[in-house]
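Chains A and B supply the protein sequences, listed in that same order. Taking numbering that gives the first Met the number 0, I'd label the letters of the first sequence as residues 0 to 542. Taking numbering that gives the first Met the number 0, I'd label the letters of the second sequence as residues 0 to 428.
Hints are computed from structural coordinates only; laboratory data are not their basis. Where is the CB? At the ideal position from N, CA and C, for every residue including glycine. Just so you know, not all the hints are guaranteed correct.
Chain B regions said to be covered by chain A (calculated; three or more residues, Cβ under 8 Å) [as the list claims (entries may be wrong)]:
hint : segment
1    : 201–215
2    : 388–395
Below, in silico cross-link-like pairs of lysine-lysine (PhoX-like), each with a Cα-Cα straight-line distance of 25 Å or less [what the hints assert, rightly or not]:
hint : chain 1 : residue 1 : chain 2 : residue 2
3    : B       : K179      : B       : K150
4    : B       : K150      : B       : K417
5    : A       : K529      : A       : K147
6    : B       : K229      : B       : K274
7    : B       : K299      : A       : K521
8    : A       : K438      : A       : K104
9    : A       : K529      : B       : K104
10   : B       : K106      : A       : K521
11   : A       : K529      : B       : K179
12   : A       : K466      : B       : K85
13   : A       : K529      : B       : K106
14   : A       : K433      : A       : K167
15   : B       : K149      : B       : K356
16   : B       : K417      : B       : K372
17   : A       : K529      : A       : K433
18   : A       : K529      : B       : K85
19   : B       : K40       : A       : K529
20   : B       : K347      : A       : K529
21   : B       : K173      : B       : K229
22   : A       : K438      : A       : K466
23   : A       : K529      : B       : K150
24   : A       : K234      : A       : K466
25   : B       : K227      : B       : K179
26   : A       : K466      : B       : K104
Calculated Cβ distances over 12 Å to all of chain A for the following chain B residues [to be verified]:
hint : residue
27   : T48
28   : S52
29   : G74
30   : K97
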Amino acid sequence: MKKVRILSLISVTALITTVLVTAPTVANAAPACDGKSPIQSCVGVTSDGAPYAMQVPANFNGTVALYSHGYRYNVDIPAGIPLIGGYKVTNTPEPVPNGNAEVAKYFFSQGIAILGSGFARQGWNPDSAIKTNVELIGIFKKAFPKTKDVIAWGASLGGAITQGMAEKYPSLLSAVAPMCLADNVQPQLTGAGDFLWGLKVLFDPTIKGGNYSAGAAGVAESYSDLVKVFTVMGKLQAGIPSGAWPDTSSATGKALAAAGVPSRSALLLLGLMAGLPTQSAHFDSISGPPGALALSFPLAVSPALAILENGTNAAALAVLATQDVENQTGGAVFDNTKTDYAARIDGERVIFNAALSGNTVIDALLGALSAANPGAPRAAANPVAVAKMKALHMNTGKINVPTILMVGVADPITPAGASQRLVDLYVDQYAAEKAAAVKEYRTTREYKNPKNNLLMLWNTTPASYTKFSELGAPITTTPAAPGTNHCNFTTAQLLLVAKSLVHAANTGKLPSGGAMYTGVRKAGNLSIDKGIYFPWMKFYGDN
Amino acid sequence: MKAMNRRKLLTASAVLAVVGLAATAIPAQAREVGVSPTQIKLGMTLPMTGAASLGYNKIPGAAKAYFDYLNANGGINGRQVTLIVKDDRYVPTEAVAKTNELILKDKVMALLAPLGTANVKAVAAVVNPARRGVPVLFINTGFSGFADAKKYPTTYPVLPSYIMEAKIMGEYIKDNFAGKKIGLLYQDDDFGSDALAGFKTAGINFAVRVPYAAGSQTAAAAAGWITKFKAAEADVVILFGVSSATSAMLGVSAQLQYKPQWMLGSVGGDATTIKLTGVPAGVLFNAIGFSPVPATTDMKDEYVKLFSDIYAKAVPGSPFDLNVLLGMNTAFMAAQALKAAGPNPTRKSLIAAINTKGASFQNSALVPTNYSKNNHVGLTGYWVGKYSPTGDLAPIGGTYVAYTTDSGSGPVVKSNYKRPAMPAKGLPN
Chain A
0 MKKVRILSLI SVTALITTVL VTAPTVANAA PACDGKSPIQ SCVGVTSDGA
50 PYAMQVPANF NGTVALYSHG YRYNVDIPAG IPLIGGYKVT NTPEPVPNGN
100 AEVAKYFFSQ GIAILGSGFA RQGWNPDSAI KTNVELIGIF KKAFPKTKDV
150 IAWGASLGGA ITQGMAEKYP SLLSAVAPMC LADNVQPQLT GAGDFLWGLK
200 VLFDPTIKGG NYSAGAAGVA ESYSDLVKVF TVMGKLQAGI PSGAWPDTSS
250 ATGKALAAAG VPSRSALLLL GLMAGLPTQS AHFDSISGPP GALALSFPLA
300 VSPALAILEN GTNAAALAVL ATQDVENQTG GAVFDNTKTD YAARIDGERV
350 IFNAALSGNT VIDALLGALS AANPGAPRAA ANPVAVAKMK ALHMNTGKIN
400 VPTILMVGVA DPITPAGASQ RLVDLYVDQY AAEKAAAVKE YRTTREYKNP
450 KNNLLMLWNT TPASYTKFSE LGAPITTTPA APGTNHCNFT TAQLLLVAKS
500 LVHAANTGKL PSGGAMYTGV RKAGNLSIDK GIYFPWMKFY GDN
Chain B
0 MKAMNRRKLL TASAVLAVVG LAATAIPAQA REVGVSPTQI KLGMTLPMTG
50 AASLGYNKIP GAAKAYFDYL NANGGINGRQ VTLIVKDDRY VPTEAVAKTN
100 ELILKDKVMA LLAPLGTANV KAVAAVVNPA RRGVPVLFIN TGFSGFADAK
150 KYPTTYPVLP SYIMEAKIMG EYIKDNFAGK KIGLLYQDDD FGSDALAGFK
200 TAGINFAVRV PYAAGSQTAA AAAGWITKFK AAEADVVILF GVSSATSAML
250 GVSAQLQYKP QWMLGSVGGD ATTIKLTGVP AGVLFNAIGF SPVPATTDMK
300 DEYVKLFSDI YAKAVPGSPF DLNVLLGMNT AFMAAQALKA AGPNPTRKSL
350 IAAINTKGAS FQNSALVPTN YSKNNHVGLT GYWVGKYSPT GDLAPIGGTY
400 VAYTTDSGSG PVVKSNYKRP AMPAKGLPN
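With these hints in hand, go ahead and build the complete structure from the sequences.
Quick look at the structure:
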């Protein structure tokens with residue numbers, strides 16, 4: 000979660016507060032409703048203490064949209080920490096994405112209610128959140144017996160929670176939309192761990208990057224890491240033009256610097272091996288300023304700046320989610336003792352060869368990061384903690400109900416590959432369903448083609464979008480480009496998903512045909528091109 | 000990625016196509032993307048501007064000149080061949096964006112002759128022409144890996160691999176410069192890795208190897224390279240880089256009066272391009288060069304004669320050089336592939352045509368191609384020449400002696416390939 004998301008969250012809190020009435024003090028009690036018309040607002044608390052909010056239109060048609068919010072840090076962040084300082088843990092319900100009034104208005108216009116829980120615990124919480132949501136659906140149905148269909152959607156970790164519900168409780172749901180879907184905990188934390196480990200062993204060996212102490216001491220260590228990571232990123236940013244290394248660099252890093260390896264190439268390599276996108280909010284890795292840097296900027300510099308921007312956005316979550324999951328499992332969960340980073344970047348080393356300063360530099364960096372280098376000690380996990388982590392809820396990827404996925408192709412936190420995994424797994428599932436249908440045909444002579452239950456919406460980046468000042472400096476104050484940043488969706492895109500969910504709930508089928516193409520086109524920066532493909536998260540290549 | 004394979008990829012396309020098929024009315028007779036009753040659209044990305052564009056930016060004009068000639072003579076079964084060209088500036092990420100445009104917006108049937116190892120690899124990884132079933136015809140890179148039909152099932156190299164070139168260079172060095180100190184300038188990526196592999200197979204030990212990162216080939220960098228070659232007292236210096244690297248090196252060497260025995264790789268060895276940068280022709284004199292196609296000044300060669308005539312009419316005043324010849328040769332091969340793909344060519348039939356008939360496609364090269372379903376190896380060798388006092392590459396002794404080999408450990412042997420006569424008027428038959 001980055002600063003913009005935090006700000007969004009604050010605005011959500013403000014919005015929801017306006018519709019809340021006094022919450023009942025007894026958990027699992029019936030919701031307290033204000034009885035207003037045309038929109039009735041209700042609040043309550045599930046048996047685990049999670050507050051929830053409902054808004055039901057007077058013309059309620061029996062369909063309710065349950066939204067699951069994304070990852071929220073589960074510790075307060077001291078004000079002095081850059082970018083995210085001042086955050087306070089909140090479990091305020093979020094019944095529509097970021098409190099989007101247009102989305103709520105659409106649902107109400109269709110006679111559809113909205114519903115959302117703030118969840119009992121923040122941090123990595125699919126296990127508890129899925130239970131909370133199931134209970135919440137029961138509460139809603141009891142309060143509003145007219146309820147026929149529940150459509151569920153969510154963003155980021157809320158996307159994983161939504162998918163998890165659809166896998167475990169498909170009979171409860173008519174259609175789902177996991178947006179900017181988070182992968183399972185191990186792939187997500189492996190990506191985070193790889194990047195933090197790389198920062199540590201090259202740029203600041205005092206970064207812990209994981210294996211935090213238990214309890215408050217561990218939280219304090221994570222605060223310290225946040226400051227160090229942001230400081231290093233700032234120093235790397237300053238060193239982009241010259242290739243200078245941070246003064247905090249390790250002996251390994253200093254040796255590379257002495258050998259003439261630019262720090263930007265080292266940073267890019269870390270990003271590639273962690274699976275960070277090479278396009279970011281303001282850097283497309285294509286554009287260059289007019290003049291001497293027209294070619295060298297996109298070729299040699301822009302990819303590193305994209306990693307810097309994406310890495311900075313992802314770093315806070317990487318540190319805090321690692322600390323949270325370690326706290327839940329009792330020890331270090333990141334392990335790269337057997338990771339082959341050379342294999343990790345085998346595909347990218349040619350594509351970004353110039354920005355990585357050529358094979359000689361790449362090989363020097365990989366040598367420095369290899370397990371054979373005692374100057375870059377690998378991180379070993381606690382097996383008991385890993386076992387506990389693996390016991391946390393994991394999505395299998397099975398598609399049980401009509402499902403709409405939407406993700407930015409350059410999302411740095413929940414990479415497009417996490418959604419691609421579901422697309423690919425559905426291929427097998429669909430093939431099996433088709434084979435079963437053929438087998439059935441052989442005995443009944445009636446062929447029933449299995450219906451397609453998956454629609455993938457790729458939120459694409461423009462062909463080029465980096466802007467430059469008259470002096471040729473890249474401009475980073477403009478809004479993030481479409482398809483970049485985390486869950487960076489427009490209202491039009493969210494509305495398309497909402498409308499598609501409603502269509503699926505009403506018809507049992509995903510939208511198709513010209514109307515859907517028109518909707519996709521009008522929403523803007525979306526593609527359903529079947530040829531688009533993104534690699535799964537790097538973790539899967541290791542296992 | 001753990002669980003992905005080609006079967007899954009293809010099935011994925013089929014599944015996702017469910018939505019697409021439902022979206023539009025299916026015509027009685029489905030028409031292939033990029034193919035209409037009157038037109039076949041092809042797309043090309045390559046550096047038209049920027050440092051690496053030197054020389055290569057003539058390839059589209061050359062290909063278009065041939066296609067215009069072809070179209071004036073009836074096209075392919077009555078269809079005109081249209082070539083859409085996009086400038087990728089030799090930036091891989093830009094090649095990805097421009098290729099996406101060609102496939103998704105311009106809706107070309109096939110990609111033709113994209114240039115650069117990194118660019119083609121980036122497109123293969125991100126745009127996924129294989130997954131989309133889009134043919135990538137006769138790529139302008141000699142990276143040996145692209146001949147892997149399993150990994151790149153829709154991609155077809157045409158140039159001999161860099162490994163083949165280095166092996167043939169190595170044999171020449173052993174035969175002619177035994178005991179000399181050899182220096183090598185190479186691009187520090189897969190282009191150069193192939194070269195290193197070839198030289199290693201040939202048993203060449205270098206006194207000095209100087210890598211340069213793509214995009215860093217400037218005059219200032221060249222001065223540094225020369226310092227290294229001088230320090231190593233290299234007698235023979237091989238320039239195995241792009242044209243801009245060769246030109247920078249030769250230009251600065253001329254200024255510094257540095258005069259080793261030059262040996263130029265084919266990628267950066269076009270004399271016209273080098274001279275255009277201001278390098279005096281005399282600097283090239285007696286340099287060793289390699290080419291799979293005839294000398295561009297060889298007007299006795301029927302292909303060179305025809306192609307130079309066509310080009311002179313299409314692009315008056317533009318010198319006919321190696322890039323032009325290769326560009327026209329590629330277009331000529333593409334025309335044969337399209338013709339062989341049947342009266343109503345599809346992407347699938349185009350791929351099948353190359354797999355089954357590609358090895359017999361006629362072209363100007365003096366070495367054979369080796370296409371098959373399981374092997375996408377293009378041309379398989381080079382002839383060796385020397386640059387004349389005017390800077391033109393000509394066969395040593397006035398007769399083409401071509402050598403052929405593979406990208407593995409096979410020997411370098413004299414080719415006994417007899418090039419078939421050019422089809423009538425240089426049109427596909």
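Outcome of the hint check:
1. 201–215: holds (count 6)
2. 388–395: Since three or more residues must qualify, the claim that chain A covers the segment 388–395 of chain B is violated, with 0 doing so at under 8 Å.
3. K179(B) x K150(B): violated (40 Å)
4. K150(B) x K417(B): violated (32 Å)
5. K529(A) x K147(A): violated (33 Å)
6. K229(B) x K274(B): The hint holds at about 24 Å.
7. K299(B) x K521(A): violated (60 Å)
8. K438(A) x K104(A): Violated: K438(A) and K104(A) sit about 47 Å apart, past 25 Å.
9. K529(A) x K104(B): With a Cα-Cα distance of about 14 Å, the restraint between K529(A) and K104(B) holds, given a limit of 25 Å.
10. K106(B) x K521(A): Status holds; Cα separation ~21 Å.
11. K529(A) x K179(B): It is violated: about 56 Å lies between the C-alpha atoms, which goes past 25 Å.
12. K466(A) x K85(B): Given that 25 Å is the threshold and the Cα spacing comes to 21 Å, the pair holds.
13. K529(A) x K106(B): holds (14 Å)
14. K433(A) x K167(A): holds (23 Å)
15. K149(B) x K356(B): holds (19 Å)
16. K417(B) x K372(B): holds (24 Å)
17. K529(A) x K433(A): holds (19 Å)
18. K529(A) x K85(B): holds (23 Å)
19. K40(B) x K529(A): holds (21 Å)
20. K347(B) x K529(A): holds (17 Å)
21. K173(B) x K229(B): holds (22 Å)
22. K438(A) x K466(A): It is violated: about 57 Å lies between the C-alpha atoms, which goes past 25 Å.
23. K529(A) x K150(B): This hinted pair holds, its Cα atoms lying about 20 Å apart.
24. K234(A) x K466(A): holds (23 Å)
25. K227(B) x K179(B): Holds. K227(B) to K179(B) sits at ~16 Å (cutoff 25 Å).
26. K466(A) x K104(B): Answer holds: K466(A) to K104(B) is near 24 Å, not above 25 Å.
27. T48: At roughly 8 Å from the nearest Cβ of chain A, T48(B) sits no farther out than 12 Å, so the non-interface label is violated.
28. S52: Not fine: 10 Å to the nearest Cβ puts S52(B) too close to chain A.
29. G74: holds (28 Å)
30. K97: It is violated; K97(B) is separated from chain A by about 8 Å at its closest Cβ, not greater than 12 Å.
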